[in-house]
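In order, the protein sequences belong to chains L and V. Going by the numbering used here, 375 is the number at position 375 of the first sequence; the sequence numbering is gapless. Going by the numbering used here, 101 is the number at position 101 of the second sequence; the sequence numbering is gapless.
Hint data in this document are derived by calculation from the structure and do not stem from the laboratory.
Cross-link-like lysine to any residue pairs, in silico, SDA-like; alpha carbons within 25 Å at most:
| hint | chain 1 | residue 1 | chain 2 | residue 2 |
| --- | --- | --- | --- | --- |
| 1 | L | Lys63 | L | Leu52 |
| 2 | V | Lys125 | V | Glu74 |
| 3 | L | Lys63 | V | His106 |
| 4 | L | Lys63 | V | Ser110 |
| 5 | L | Lys282 | L | Glu296 |
| 6 | V | Lys20 | L | Arg255 |
| 7 | V | Lys62 | L | Pro258 |
| 8 | L | Lys63 | V | Glu119 |
| 9 | V | Lys125 | L | Val347 |
| 10 | L | Lys73 | L | Val347 |
| 11 | V | Lys125 | L | Ser79 |
| 12 | L | Lys293 | L | Met167 |
| 13 | V | Lys60 | L | Asp264 |
| 14 | L | Lys63 | L | Val38 |
| 15 | V | Lys60 | L | Val271 |
| 16 | L | Lys313 | L | Arg117 |
| 17 | V | Lys60 | V | Asp22 |
| 18 | V | Lys60 | L | Glu274 |
| 19 | L | Lys73 | V | Gly128 |
| 20 | V | Lys60 | L | Arg255 |
| 21 | V | Lys60 | L | Asn235 |
| 22 | L | Lys282 | L | Asp256 |
| 23 | V | Lys62 | L | Glu290 |
| 24 | L | Lys73 | L | Gln338 |
| 25 | V | Lys62 | L | Asp264 |
| 26 | V | Lys60 | L | Pro258 |
| 27 | V | Lys62 | L | Glu266 |
| 28 | L | Lys73 | L | Gly345 |
| 29 | V | Lys60 | L | Met257 |
| 30 | V | Lys125 | L | Pro344 |
| 31 | L | Lys63 | V | Ser83 |
| 32 | L | Lys73 | L | Val45 |
| 33 | L | Lys301 | L | Tyr204 |
| 34 | V | Lys20 | L | Asp250 |
| 35 | V | Lys20 | L | Gly232 |
| 36 | L | Lys73 | V | Trp118 |
| 37 | L | Lys293 | L | Leu212 |
Just some of the chain L residues that point at chain V, by a computed CB distance under 7 Å:
| hint | residue |
| --- | --- |
| 38 | Gly65 |
| 39 | Ala238 |
| 40 | Met257 |
Glycine included, C-beta positions come from ideal geometry on N, C-alpha and C.
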Amino acid sequence: MSTVSPEVVRRLEDEGSGAYVETFDETQERMVINMGPVHPSTHGVLRLLLELDGETVMECQPKIGYLHTGIEKECEDQSWRGAVVCVTRMDYLASFFEEQAYCMAVEQLLDLEVPARGQYIRTMISELNRISSHLVGFGTQGLDMGAMSAMFYGFREREVILDFFEMVSGLRMNYGYFVPGGVWEDLPDGWEDAVDSITHLMGYRIDEYEELLSENPVFLERTRGIGVITAGEINELACSGPIARASGIDWDIRRDMPYEAYGDVEFNVPVRTEGDVYARYKVRIDEMRETVKIVEQLRAKMPDGDFKNMDPKITHPPRTELNRSMEAVIHHFKLSTQGFSVPPGEVYCAVESPRGELGCYAVSDGGTSPYRVHVRDPSFANLQTLAPMARGGLVADLIASIASIDPIMGGVDR
Amino acid sequence: MPDDVTVTSAEWLDRARSLKQDGWWFSDLCGVDLLHSGARVATGEEDERFLVVAQFLNHKTKQRLMVHVPATGEPPTVASIVSVFPGAAFFERETYDLVGVVFEGHENLSRIMLPDEWEGHPLRKDYGVGKVEVQFVEQPLMQIQAPGQSPRGEEARQEVDRLGQSVVTEDGEGRPMSAADRRPRT
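Just chain V, with the same shape it has in the complex (with noise of 0.2 Å):
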């Protein structure tokens, strides 16, 4: 079993820059929702409901580390470690998506695995399993904008018959396609 420590979402940071000093590489974050009391046993963290989990490993003496961060406050939040350890940014950028943890200090703190537009954070225990429904933003069919590109772009957005002729209106034009006309034809 690696050792397991506690710091606090403060001495974070330092606490990170030291471990890196002291030879420790950086293998692993994320995130843990601790609402059901089972958990906070399993992990020996009461206080907070979010829990930040990082994995550290030392290439000479062989071992392992966890460390647990408590996330305080609402929005949940942590500092980041990402000036430290750069290949942390992905990990958190992971928890901050689907745990909703916010890391202070972090560039880009963007969703990586779900849409920029999505609502909640799926792994956290209030967010149910199935019998959700996918939030997802309809966007253009094309987008072209730069000069010297196809100019027949408009056309590629307007509906085709069976055939793949334009489908062409009382006043001449033809008719945007919609979402339903996207659809695969039968």
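Chain L on its own, in the form it takes in the complex (with noise of 0.2 Å):
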């Protein structure tokens, strides 16, 4: 894998890289120019620096960072329920998959049970997520493509779904509402309806946006054959989820390896093999389909009883409790003080999230307060396929190729 050679990238930054960069080489022709970070397609700020030959993408090469906050080390500083509302800010269209790997990890190494209503509560939730992120991927993608009115038919739904979020979590983005042992708070009365008008509406809402884009000629012709990218490519570069998807691989943690509640519902996981830009865009659009499914069997079949483990060494006891158990203070002056501990040991656990695997790694010292949290962000790893799809095509296709890549720069810089 080629990229843009490093001394050439040394020289342009040595040479200052304020507002843009731009070098003119008269003898080969060819034009690096600087892409980002602030541009309306880049999806954030997301800067790429460009080798042109005339219009054609000759090598593009992503430079990262500009979001960068250090999430992972802020982890060390929190309790391990702290932790939740710093890993939630990573990749903030899809905030459920990050709670749900670093709770699960926790878990994992306390060696804690969630009981069955906690685990369906948070599937069925992420599942939600799920939906909620691919209409930002969906909208997005038509935004880049010309067609604005897919952007605002995509964040008219997603509106309903946040609502909903809002409704169980008190937030609408950075939730932390999922917690070591199951969920904050159990689900609000009325839930049900919200959810049946949820999976009701998307249930036609879906047909409606593949009558806007899936068959429009425009659209076929910005996506069909554009950017493709082969089976051997994805696997190379470390790539997962809708992405790799398109191009054959069948593969999907929530089927392949079940966590949580995955094992009860039945769904089929989309898979085309034409690997361009329009079978990513169809992959993400079938997968609504099949998450409108789960989220409908969840609903059914939602267990009665505790929604997180009520341990009183990891979980605060109920309020009730406070007034007449000297025990039950003695475990919220602690929990609230210091937080509960966790064994030593490490653990890599992983969901499948809208842009692919989602891995949380962490380490305990046995002390109260993460010793290391990594996020493996799918954004991350997913962007290096941008170069081999941007290769020889057009300026114009590079940005098709970015959108259906639909990377999150919250998740991928961290």
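Dock chain one against chain two, each of which comes alone in its own frame, and use the hints as you go.
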């Protein structure tokens, strides 16, 4: 995998990379231009160095780090419970998946069991989050191809789902709703109707999206056969998720290594073999349909019982207990002041986020705060596929490829 | 729990090759600073301060594999596996940037998250959280080099007053902008 040579980058940066960088090599008629980090179609602060021959992209090198906030370091300064609100800020469109991966890692270190209701709630909320995340992917894909209405429709339905998240967790983004041992609070009254209305709505709205884009000649022209990547390259570049499934790699952690409540539901994993922008778009649309089915099944099967592990060493005692039991007061005090400690060990837990394998590697030294938390963010790995996708295509096709990777810079830079 | 394997830095590249032949898919790589003894107990690595941890996944047998590679020497060094798994490129650069482990054989081992001039590696345990001064080197405001670009580039660097007019000094030239001028006016 060759990229723009390090010397060229070094020289350009030494000369000052203020607003933009340009060089023009007259012998080769090649131009190195800078794209981003402020560009409407780069989905955040993604910066690309492009080597162009006319309008053909010869090389493409992503330069990242503009949104680096040191979340992994910050986690080391929090309690095990408090680090949930740090990891949730990474991939801000699919926050629940980071919380889920992190909580599963902590539970594995603690050897803590999550009650069935807690697992079902987590799975259902994550799947709804998958729809809301794919809706942004759908909207921005359309927007970048000039179909602005796709953005409006995508965000319209996303709003309904975010309203549900607000009803459940109190927040529209960066929830901190999953905790080690289950979820922070039980589902509120009336959640059944809210979920039913979402699944009913999405059932026919997804058809409307397809009517809008899937057979639109302009959209097809700009996406079919564009940004093609083969299964071999996907495997080499550690790429996962819808991008891998659009290139014929039949792998989904939810189905192949079931975690939480995925073992109890039935669903298909959409796979296509073309490996182009259109295939990735189609895989996301089909995934939304499957997700609606999963949510309906979980809604029907939702068990009763505790929504989190009530071990007093891990979970705050119920408020009413504090008036009656001295022991509850002691537990409450210990948990509030220093949190629970986790036995020494290391663990890697992965979930299938809307962008691929989202893994959390956690090390505990036996203390009350994480020793090391590392999150393998799918956007970070998937971004490496941009260079092979862009090579040999036009600049306009590069825009389509970026949108089809659907990178979230909060997750890439962490 | 995934299986746990420790390999030395010298064996690492060969081990990666054989893992690839056996159908393992590279999934993750990160560095850990084992400065505190508790973490050495947790990971079972007693000798070296820095540890590189890689994760692999086998799609056929549906297994995960965790590989420990202790980084030896000063600066801590580990062989790069980018030639075997090109997808490791970003992960090795991130580990170099934040933990300071050098990957021998990596073509373009540069900082990926932080600016190139940054000193220190934030994920090391002796690097404090908060109250650390943010290091940024002043960059020129705008760089215009290619022929045919805006001839007004020089003016763009000059100070303007509240109404956007150039400030003219006694010698008739505009005063170049300084860092203080660039702060937003209130």
